[in-house]
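From first to last, the protein sequence lines stand for chains G and A. Each step along the first sequence adds one to the number in our numbering, with nothing skipped, and position 278 is 278. Each step along the second sequence adds one to the number in our numbering, with nothing skipped, and position 80 is 1080.
Just so you know, the hints here were simulated from the structure itself, not pulled from any lab data. Hints are not guaranteed to be accurate.
One side of the interface only, derived from the structure: several residues of chain G facing chain A at Cβ under 7 Å [stated by the list, open to error]:
(1) Val10
(2) Asp19
(3) Leu167
(4) Gly503
(5) Ala616
(6) His617
(7) Ile684
(8) Val685
(9) His698
(10) Thr711
(11) Lys713
(12) Leu717
(13) Ile724
(14) Arg727
(15) Pro780
No experiment lies behind these values; they were computed from the predicted model shown. Just so it is clear, CB atoms sit at the ideal spot from N, CA and C, and this is done for glycine as well.
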Amino acid sequence: MSSEEVRLHVRGASRFLDDQPLPAGTLHAAVVASAHAHGRLLGIDAAAASSLPGVRAILTAADVPGENQIGTLVPDEPLLAEGIIHFVGQPAALVVADTPAEARRAARAVRVTVEPLPAVLDARQAGALGALIAPPRTFALGDVDAAWPRCARIAAGRAETGGQEHLYLETQSAWAAPTEEGGVRVASATQAPTGVQRGVARVLGLAMHRVEVDVRRLGGAFGGKEDQATHWAALAALGARHLGRPVKLVLSRREDMRWTGKRHPYASDFRIGIDAEGRILAYEVTYYQNAGAAADLSMAILERTLFHATGSYFVPHVRARAYSCRTNLPPNTACRGFGAPQAAFVIEAAIRAIAEAVGRPAEEIQRLNLLREGDEFPYGMRARGARAERCWDEACVLFRVEERRRAIAAANAAADPAAPAMAAANAAADPGAPAIAGANGAGPALAAPLAATPAPRYRRGLAMMPICFGISFTNTSMNQASALVHVYSDGSVGVSTGAVEMGQGVHAKLRQVAARTLGVGVERVKVESTNTMRNANTSPTAASTGADLNGQATRLACLEIAGRLRGAAAARAGCSSDDVGFDGGRVLVSGRPIDLDWETLVREAHRARVNLSAHAHYATPGIGFDRSREKGEPFAYHVYGAAVVEATVDALLGTYTIDAVRAVHDGGRLLDPLADLGQAEGGIVQGLGWMTIEDVRHDAAGALETDTLTTYKVPDLDFAPREIEVRFLEDADHPGGLFASKAIGEPPLLYGIGGFFALREALRAARPGGVPPFTAPLTPERALLWLAGQDEAGA
Amino acid sequence: MIPLLLNDAEIALDLPAGRRALDALRGTLRLTGTKEGCREGDCGACCVLWGVPESGAVVYRVVPACLLPCGELHGTHLVTIEGLSPAGGSHTGLVRGGPARAAGLGNGLTPVQEAFLEFGAAQCGFCTPGFVVALTGYLLSAESLDPLEAEEAVAGQLCRCTGYSSVRRALARLCEQLDGDACARTAGDPVERVRWLVAEGVLPEAFLEAPRRLAALARRAGSASLAPPAPLAARSPAAPPMPCAPAAPPAPDAPPIPCAPAAPPMPCAPPAPPAPASRGPRIVGGATDLYVQRPEEIEDASDLLLLSRRADLRGIRVEAGRCRIKGAATIEELRRCRTLRAVLPALDGWLRRVASLPVRARATLAGNLVNASPIGDLAILLLALDAEVTLEGGGAWAPAAGPPMGRPSLAGAPMESARRTMALRAFFHAYKQTARRSGEIIVEIAFDLPGADTRLSFQKVSCRPRLDIASVNGAARIAACDGHIVRAELSAGGVAPVPLYLARASAHLAGRRLSAAAVREAAEIADGEISPIDDIRGSALYKRLLCRRILYAHFLECFPEAMGGDLP
């Protein structure tokens, strides 16, 4: 971690957007949002509101000077509603007032008249109605239809995953001020400064060079500020432009939760077939992605789902279909993992389904089918440097998985002396049946379940969760970055890139890259805010690529400057510049320090009119994808890993704990071990939350019910497993990586999926013969209802 | 004006007493190290240290600034993350003497901050100040240095980045490196504790002077007590002290305490118009529910009756087999009550599940009852304990303009202050409706301690195991003798419009043999007493199931041997 950044954090001295001192005259904005999920916008009556104290302006779509549109992939998202309302929380008007309280008071007084239309909230329903964001896509490998007859056993089922609120602790926020030449300067809590710049320019009808966007740091983002920071920045800019004064807009927690998109819920159908040994021969899957009311990044997310359809496994015959379904929810958006976790959940569910059908441990099927060197992914790329088996096997040894499994089985058996009898009773039932409805009898709804829960109360479960995650933006053109590096005449170094610091430690990594490349101490290097005037046309800090892309660009820029300085040193020392090196602030010739230090060299080079600045550009080599064939090499490389997760369920009350997550992770050669460990541990807990207690719920009218921290619960310290152990694969250099490292941001989140399956094993132990549905999050409510045979499938 | 010691500066806040301390800090005072994450006390990002003078010392508690009325700050020491950070310490880059030094940049961090730095326990940094404050508060009050207790102290701090592992490592290190003997030696002695922590570099030296400065502050404010000025009283100088307040209100003509040099650069918001006088002041207990549920009733209000300021409402007494909890006693005070802990060792664990430490430090038991949430944890526990509540006041409130009908009553005080005592089981009438009359306050909650033949159980099931609102909670007090139930008292929350005493199920069990069959019958009866609804905490089906199983869990935990292996 950047000690500089953390020093500020621990002292409360780091300034987030809402902490910045405001220039005199700054006004405050509040948003009037739709209360309807779908309807005709008949009118906006701001008369009463505009006479309230402090109100400066109330703006609607008619006041947008440029294009009333912020959709990036598809122009389907107006800045302010006109015509049709598409979701609860859609911005309809902007109030600007002297204080935030006055702005909110007036926003509440604005009357938005809507003629309601029927709303669709469910992805399958939207799919059936043909309400799609884009045409469906299909990835295929081999001949799945021909493979089914050759399968020894086939299982089919459904899998569902819910949404996930990002819950960055810093809410969406922006500040905008008019510039003298009619442009606008924007501070935005965004992962995508260029995205905000483009969006603001479009809405205000300005050329991009008139819009400056600056980002110092984010209080968490997790994808939620990749596309969805633009709306608020553009609204602030609209207010600033209209009133000629700075305008600030900071969403309250409740507004943020209600109005912004989440991780996409998915509903999926799968069919899987294995041969007699347990090798997966065929896998067919259909995904219904709940995109919400606008495209946002849904198609890109859906594409990543398809890329990760087979998870960490090789399957020779695959057909994966994906539908991005338009519903009347706020547009769902990027969220750590970007569609890959949803795909991984389905293949893991399918493997459990087939394993249970043939009565074998899931781990056997998993291990047998792990990706090996040269295996082909459904998109045509082949696994290079495959480490799936290595991670799995090391995890099994390191964490004594066999021993743990036996201990858990023994504990469960001891807890449940009646198990053999119950299992025998249930064996007669169709193993494919979703749940054993008769386990508790069909009698009085609530009397029987009590009697059916064996004592003592606790059952345990274990699951293995292998991961394979492709690194690169799947949109090839986004895999580029630039760096602007200045060496100042006193030897200090400033680095500017497109990478946004949001807690992942990318600035510390950039600092390190510059320091290593220039052979100086990190204390000489400062990483600047992310600013569109210094780095243009940047990709968002997303897809785990922030350090890779911007680090490579930084390295190239530093190499350029180092090359010029080597020349200057060689001239002075009378040697070849090839013999010159820098280390620890000293100049070396043929590896030996000479009587010249970095500061002197820089000072002299400057006097000698050597260019001490460099701008470099990096584009990931060797990648590309042909969407007409759905084949190509979309990823620079893959990240592998394997986790073992243990859980305990209270069979009486349906409550549970995730006891331990232990993982062997392939991080290449770690660039910043403390930061990488933090990313892995944090990702795991966020993944566990998504799978267990984080339950995004809307009412029948499409309004979010879980819109506060009182109703939406993320893991707290007590919920987070006490034992989280992440071991990084040793001797795992990644040739071609940034200093042989691998990206770390998203992949570890997928280990959290193991939490679902460990819990599910514990549930199965509590109700032998039962088949818990593949529905996440597995809340305590779902767990108890299933244990009691009262869930939808079992009732 | 609200005089207080803010970090190391004496200031006076010109804000409504109901304004959140968080808004005063971030808005008026521009101290932005305290972060706003939720404004509901659910994230901990805005935690501050709140030091209240108590018998010559200052006792510090960690509280969420978003739930702390500015009125409570009167005469207290408010410490933010800025006040905990040693001068300098924000910069590790090249410092060339001149400008950086002049700006006060150095390298000092407290051991708490160092531990977070060393273990990477801060990622995005937004939650970090809250963690540092909460841990510092732990060190101020810890009886011993125990990593698990330190975890408990930060259990209410949400972090979305780290997964908490690095936090655990940081506080384990902290407990290891600090002097455990010194901690034990200074336990219960706030003056010595502060001295030790200043010596360790955990606290800045300003803490040493806080008791003296607060005393001086109180003297200058013209009052020996720290009771905040009652605005209405201030407008009628001739008025006698409020009948229920032990201490005199400050003299109305006391000179305002000038703002410290670091005075607010931003103009203070104008105070809101006073609430209609006929309603009397807004009664405020811990305000932990009020700010969440009806913020508009308090945020702009100047006229607050802060129960925490009434000495007669403080404390918990255990005597003659009866526990008496005063109306302003907090949940944390109850948890820390040693006498009660000796009798009811399980209470500690139950109360930890109710809310995070910063919220427990503010939330009162009486408030939990008055709020009348059907799912109130304390209400459920106290129902099973057959608690009695004593109410005082009520009736009409005198208008502020002057004593009505020529009676020399203090404006803003209740016209009558009759006391009445009733069974808690008769207190809850309907959803959010209780027997409490307008203006009445709960002055005492009392219950008999369980005898040797009596066992207690409290169960709570929520989506997140801790620090969440229950889907269903339940409590039981069961007296048993020779394998028979002498008396059983069962309550359940989240299953009716009110916190529910399960009268019929309880009655059914009396005199029956302790057996799973009896419990099953009682569960059947309870199922007929409850009327849960589908809501965000769970479906009605789920709640019925939970109510039943919680009932079983009571007996399983209290009488495992009698429940046997055959059931449920």
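Taking the least C-beta to C-beta distance, is Ile684 (chain G) closer than 7 Å to chain A?
-> Status holds, d = 6 Å.
Taking the closest Cβ pair, is Thr711 (chain G) under 7 Å from chain A?
-> holds (5 Å)
At a threshold of 7 Å, is the proposed contact between Leu167 (chain G) and chain A supported by beta-carbon distances?
-> Result: holds, 5 Å to nearest chain A Cβ.
Would you settle whether the hint for Leu717 (chain G) is holds or violated, based on the nearest Cβ-Cβ distance to chain A being less than 7 Å?
-> holds (5 Å)
Proposed interface contact between Arg727 (chain G) and chain A, which counts if any beta carbon pair is under 7 Å | With a closest approach of 13 Å, the Arg727 (chain G) hint is violated.
Would the stated hint for Asp19 (chain G) survive a check requiring a Cβ distance to chain A of less than 7 Å?
-> This hint holds: Asp19 (chain G) lies near chain A, its Cβ roughly 4 Å from the closest one there, short of 7 Å.
If you take the shortest Cβ to Cβ gap from Val685 (chain G) to chain A, is it below 7 Å?
-> Given a least distance of 3 Å, the restraint on Val685 (chain G) holds.
Using Cβ atoms only, decide whether His617 (chain G) comes closer than 7 Å to chain A, and label the hint accordingly.
-> violated (27 Å)
Interface hint for Val10 (chain G), Cβ within 7 Å of any Cβ on chain A = With a closest approach of 4 Å, the Val10 (chain G) hint holds.
Does the interface hint hold: is Pro780 (chain G) within less than 7 Å of chain A, judged Cβ to Cβ?
-> holds (6 Å)
Status of the hint placing Gly503 (chain G) at chain A (closest C-beta pair under 7 Å) | With Cβ-Cβ at 3 Å, under 7 Å, it holds.
Given Ile724 (chain G) was flagged as interface, is its beta-carbon under 7 Å from a beta-carbon of chain A?
-> holds (5 Å)
Against the hints set out earlier in the document, violations occur for numbers 5, 6, 9, 14.
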